[in-house]
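Asker: Once you've looked at the hints, dock chain V against the given chain P.
The listed protein sequences correspond, in order, to chains P and V. The first sequence: position 222 = 222 (the UniProt record's numbering), numbered continuously. The second sequence: position 114 = 114 (the UniProt record's numbering), numbered continuously.
Hints were generated in silico from the structure; no laboratory data involved. Careful, some of the hints might be misleading.
As the list claims (entries may be wrong) - DSS-like, lysine-lysine: derived pairs with alpha carbons at most 25 Å apart: (1) P:K219 <-> V:K92; (2) V:K219 <-> P:K219; (3) P:K92 <-> P:K105; (4) V:K105 <-> V:K44; (5) V:K126 <-> P:K44; (6) P:K105 <-> V:K219; (7) P:K92 <-> V:K219; (8) P:K126 <-> P:K105; (9) P:K311 <-> V:K44; (10) P:K92 <-> P:K211; (11) V:K311 <-> V:K211; (12) V:K311 <-> V:K126; (13) P:K219 <-> V:K355; (14) V:K219 <-> V:K92.
Bear in mind the structure is a predicted one, so any value in this text is a computation, not a measurement.
Number of protein chains: 2
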Amino acid sequence: MTRVHNFNAGPAALPLPALERAQRELLDYDSTGMSIMEHSHRGKAFEAVHDEAISLVRQLLDVPDDYHVLFLQGGASHQFAMVPLNLLPPGKSADYILTGGWSEKAYQEAGRVGTVRIAASTEVDKRYTRIPRQEELQLDPSAAYLHMTTNNTLFGTQWHWLPDTGNVPLVADMSSDFLWRRIDVRRFGLIYAGAQKNIGPSGVTVVLARKDLIDGGRKDVPVIFRYATHAASNSLYNTPPTFAIYLVRNVLAYTVETGGLDEMERRNRHKAGLLYGAIDERPDFFLAPVENESRSFMNVVFRLPTEELEKRFVTEAAREGMVGLAGHRSTGGIRVSIYNAIEVTSVERLVEFMKAFVARA
Amino acid sequence: MTRVHNFNAGPAALPLPALERAQRELLDYDSTGMSIMEHSHRGKAFEAVHDEAISLVRQLLDVPDDYHVLFLQGGASHQFAMVPLNLLPPGKSADYILTGGWSEKAYQEAGRVGTVRIAASTEVDKRYTRIPRQEELQLDPSAAYLHMTTNNTLFGTQWHWLPDTGNVPLVADMSSDFLWRRIDVRRFGLIYAGAQKNIGPSGVTVVLARKDLIDGGRKDVPVIFRYATHAASNSLYNTPPTFAIYLVRNVLAYTVETGGLDEMERRNRHKAGLLYGAIDERPDFFLAPVENESRSFMNVVFRLPTEELEKRFVTEAAREGMVGLAGHRSTGGIRVSIYNAIEVTSVERLVEFMKAFVARA
Chain P
1 MTRVHNFNAG PAALPLPALE RAQRELLDYD STGMSIMEHS HRGKAFEAVH
51 DEAISLVRQL LDVPDDYHVL FLQGGASHQF AMVPLNLLPP GKSADYILTG
101 GWSEKAYQEA GRVGTVRIAA STEVDKRYTR IPRQEELQLD PSAAYLHMTT
151 NNTLFGTQWH WLPDTGNVPL VADMSSDFLW RRIDVRRFGL IYAGAQKNIG
201 PSGVTVVLAR KDLIDGGRKD VPVIFRYATH AASNSLYNTP PTFAIYLVRN
251 VLAYTVETGG LDEMERRNRH KAGLLYGAID ERPDFFLAPV ENESRSFMNV
301 VFRLPTEELE KRFVTEAARE GMVGLAGHRS TGGIRVSIYN AIEVTSVERL
351 VEFMKAFVAR A
Chain V
1 MTRVHNFNAG PAALPLPALE RAQRELLDYD STGMSIMEHS HRGKAFEAVH
51 DEAISLVRQL LDVPDDYHVL FLQGGASHQF AMVPLNLLPP GKSADYILTG
101 GWSEKAYQEA GRVGTVRIAA STEVDKRYTR IPRQEELQLD PSAAYLHMTT
151 NNTLFGTQWH WLPDTGNVPL VADMSSDFLW RRIDVRRFGL IYAGAQKNIG
201 PSGVTVVLAR KDLIDGGRKD VPVIFRYATH AASNSLYNTP PTFAIYLVRN
251 VLAYTVETGG LDEMERRNRH KAGLLYGAID ERPDFFLAPV ENESRSFMNV
301 VFRLPTEELE KRFVTEAARE GMVGLAGHRS TGGIRVSIYN AIEVTSVERL
351 VEFMKAFVAR A
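This is chain P alone, in the form it adopts within the complex (with noise of 0.2 Å):
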């Protein structure tokens, strides 16, 4: 078995601990006689498994007790309706701003359930290539709340500080960079994450919410797309995405083994430091659109001098064992995904390329 260089946007790589961890228990889990994925939800082996994915996550991001922990199924896409349908009652408000084409389908979403309001949009010519300052921000003081993309994978932008928001309560979607390094959560009054970035699988959202916040929520809509229900059921309210949360415990396990967030950040700091810095190296061949200071620790993207180079990039990078790199079909050129799951020695090898190639072109 060679397994390749994996730099795909999501679904994506994850950690090869934690695959042959579920490999080794596929048929027998912890000698139970079956599979994780056979058992009940309401059973006392994956209510240990699920118990445990929540205090990993509460551990390693240090969540406050008046936050939940929820587990969801139905990823960003999902959120982009049901926070709306929570927390944006008629009559208000909500503040959106746009930082690319998450942030535009988040804001697009909310405007058919409720009003919504653009706060800041970096956007020209249908591109963003930089996160707004906070002096840019045009804020609704009296808003239901203020949603934002942390981090943006099709222009390989980050915020890499926090608007001040005042009382009202900051939204964000983190599918792309949930856990990439330790947050204060306690700016936030909500935040989600789809998994199939740095934490697992595609099939589970991960959600953490105020517990005022929620509990307060519209309780106008269908139960099953309120938060306080999953809340009050420990997200067991329906039958959850079980083998997706066994697979959130396993990476988030080996996470912690490995050092938990700041050993995290610092690879993750390491690794895009390689990249920026091949790239940086020679400005005239890596086009790097993304201003520097709002440059991507998650999803690195650059342009060669030509759409046929772009190809033949693509192409030879595949042909060594690095896969994943094409560019969005939205945006073209090169994007290169480097989540938490992606080794150094991945990223290094993936330089080294970029320099013979750049010295063959």
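Answerer: Leaving out everything else, chain V in the frame of chain P:
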């Protein structure tokens, strides 16, 4: 490794060969150097798995071309809201037949979305022990749809005929008996089924929907909740639960290899026959609450003379490697779930145990 006889009600046992295939491929799918769950949902590897899963559903059920086959998230509880959000416009009413706890939940959730009506209920003292007859149905000929639950896991009843609804579309929750045998898909407007009983792990839901019905669905709801959205993108509007779909593919491929649905029905009828045979042999000891014509081939429920005996039954069976036999927490008693993946030999083993238990009780 010793695998137990797993009679869980859901998530439930899966065919061992489908799990073994997943185990073999878990770190390196089809020599691609990564797990199928690390592949992009828009890449060739997952596309082939996804297409195969859809085509296996089409093949097994002979699904007509004018029906979509979708894989969604959220389980049946999510469909309880999604069905009326799509098919129940303001000004119309929908009919619900109540045959158990799940149909009650579907009815209640739809009532939060629009106007609903009970077309029939077989509830007596909070219990349901039979399926209604056609002459008991009070159908609204102008209903937006008629909703039914084809198999009732809590009470062990199952429909063995289909209501004549005239021009009213029939919508069915088949979560607990999907693919237990062939059905005539044309009799339904929409079918949905959470995978975790008969065809896969939790976290994915199959939807079969007549194209004209969902293409004409409501447009005043969030895009993520519209069937038409998912149909237009072949279930790839947002990231699907890729590994769950892969496992469904494995289960369905194995179903075809082992004789398809004709053989499946034969085995399922044989298994249920063995169990009901043992029950009917000692009606003084195995108290079957369900009327004969409404008995489920998926969930066989019975009571013993005392709760004390029921507890002993569950405990002693577990000691002999037969697990998941306690009834639902809301009903008590014994429940034997014998979904597609349960081997005849497991049922034979349980029947032997039942006979020995009576003998020594």
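Asker: Checking each numbered hint in turn, tell me which of them this model violates, lowest number first.
Answerer: The structure conflicts with hints 4, 5, 11, 13, although it agrees with all the remaining ones.
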